[in-house]
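> Residues per chain are reported as follows:
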Amino acid sequence: MNSSRPAVIAVASGKGGTGKTTVAAHLAFASAQDRKTLLVDLDVEAPDALGYFPQAKPVGGATSVRIAVPQLLEGQCTGCGRCASSCRFGAILCLGGVVTIDGKICKGCGLCVSACPSAALDEAEIEVGNTAEYSTDALIVLEGRTKVGDIRSTAVIEETKTRAREIDVELQIRDCPPGVSCPATHAIEGADYLVLVAEPTEFSIHDLGAALSLARDGGIPVGVVVNKDGFGKADVARFCRERGAQIIGRLAFSRERAEAGAAAALWTGDAAFMAQMTSLLEHALSEARTMKVAP
Amino acid sequence: MTVSVASGKGGAGKTSISAAIAELLAPDCVYADCDVDAANGAIALGASIREREPYNAGPGFRIDADRCVGCGLCAEACRFHAIRHGMTEYSIAAELCERCGACLDRCPVGAIVTYEKRAGELFVSDTRLGIPLIHAELIPGEDTSGKLVRKVRERAERITGEGAVLIVDSPPGIGCPVIASLSGSDLVIIAIEASASGIRDAERLIELVATMKRKVVILINKTGLDPLMDARARNMAGQAGIPIAGEIPFAPELRSLEETGETWLSADCVAQKRVASALRAVKGILYTMKRAKGAQEDRT
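Heads up: the protein sequence lines correspond to chains A and B, in order.
Oh and the first sequence: position 77 is 77 in my numbering, straight run, nothing missing.
Oh and the second sequence: position 103 is 103 in my numbering, straight run, nothing missing.
Okay, chain A solo, but in the shape it has when bound (with noise of 0.2 angstroms):
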């Protein structure tokens, strides 16, 4: 492994209240315990990593998160239109030489300034979220958060590994967004090992199957937690034979730990669910570990 880099794990899972967050935070604590480790929040959309650790204190307060949007400057507009002809996201119109930027659907590539010939595009920077970091013992939380109505999710969540870059850690767990679309492709980018979260219902299966594709396509190894085991009949087991896929941990499902995860509490009383969390731990770094050596 390289020293200079900590090893990232992220957990996905494809349906969502699968229990994502559940086991990324109980990895992250389970880390913690014997290194300096960082959870992120890469679910920007619905963050709720940081619901686990009520102790954690922030780290300075929030930063935000920003992309550089066009602006007219009328006076130089000739009305050519090459601006909203340069604009693959729609969000400039020209009509009869006048020129209306939707800074809402902007993506901020900064194409359209290079497209026009007049100079009369400049940037203004919006924000589009932010991100906060927390704190308790050996362990940080870093939570990315979209501002509510933006539907630049993505932008966030790249700003939130980089900022995550720049923490001194020795591992890094990632809670990312459910879905196998954007959100979900940028979270998982870049990791040694995903953990894939089910629960034995047929919902979830169908799921996990997009989402292990989607680990195939980025090279990612791979391994799939069967979480809420025994609550639905479902045979995860099966599907993951079939598919090539190592299930490398099962949580049983009880109506205690239900309730404690109703109130994000965190599960540490029972040693053997903690005991389950720290082979698992061991096992997705071990694979990341000889995944980075190989050539």
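The hints are simulated quantities; they were obtained by calculation from the structure and are not laboratory data.
Bear in mind the structure is a predicted one, so any value in this text is a computation, not a measurement.
Errors might be hidden in some of the hints.
Dumping the calculated DSS-like pairs for lysine-lysine here, alpha-carbon to alpha-carbon at most 25 angstroms [unchecked claim]:
#1 215/B <-> 104/A
#2 151/B <-> 104/A
#3 147/A <-> 147/B
#4 147/A <-> 215/B
#5 213/B <-> 290/B
#6 104/A <-> 147/A
#7 147/A <-> 213/B
#8 36/A <-> 104/A
#9 147/B <-> 104/A
#10 104/A <-> 213/B
#11 233/A <-> 273/B
Here are some, though not all, of the chain A residues that point toward chain B, as calculated from beta-carbon distances under 8 angstroms [what the hints assert, rightly or not]:
#12 18
#13 203
#14 258
Covered stretches of chain A, going by a simulated chain B footprint (3 or more residues, C-beta under 8 angstroms) [as the list claims (entries may be wrong)]:
#15 107-113
#16 148-157
#17 170-179
#18 182-192
C-beta atoms are modelled at their ideal positions from N, C-alpha and C, and glycine is treated no differently.
With chain A's structure known, arrange chain B on it following the hints.
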């Protein structure tokens, strides 16, 4: 008449609620599964595909190694850090590319080429409830799920007859596919999971829906695990001035009913009564809205 079911947090019961409402309203409804990343409507309703339509999201970009002179101007132009210099050459990381085309514009030797890529598929299906289901599968890793959501909705709107209800099963979160799932809906049902995370995420969704000026009702799901969370969910609804249509207790019997080909409406368990009364309340709201809408149309 369109009703969207959303939640903020994943796993709050959106699909189970949507499917039960569909069973309650059948045959006068159409189901649009807009959670195109993790589409489970087809499992919930027992679908058989009748029509398929390919979905292309627009061009992807790659570097033609034969033409590339290695000047690095593309990497400089890319604000998303998607172009990297590997061992020997530049390449575009598809998972980071936003497809803006800034690299193509900057490349002096025409080494950036575009390619059409299938991003998913849209389906029209028959279901065991006898109602049509419009759904889609996004190819994992593909971008633009918001655009595919709009396509699913448009297709569903076209086949929803006069007087029928379009049920939109929305994705989790509050991002672009969620906004696309809620825009233009007459009613938004917010499923709040009675948990610390569920409440926090629903709070952000309520804020979003308020900016969209939609009519909203709340269903609190998985109650009874923590009385404090149940109370907090009720308080949040009260403070936001949103009516609660009902509460659904946490009951293992209500989980994966898809295994037995049932919805919550026909579940055989103690919790079923609570579910049925919550759903009847939703139906009542929908019919009142429909009558009001009809009266308004008569006047104009």
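> Which earlier hints can't be squared with this structure?
Hint 8 contradicted; others consistent.
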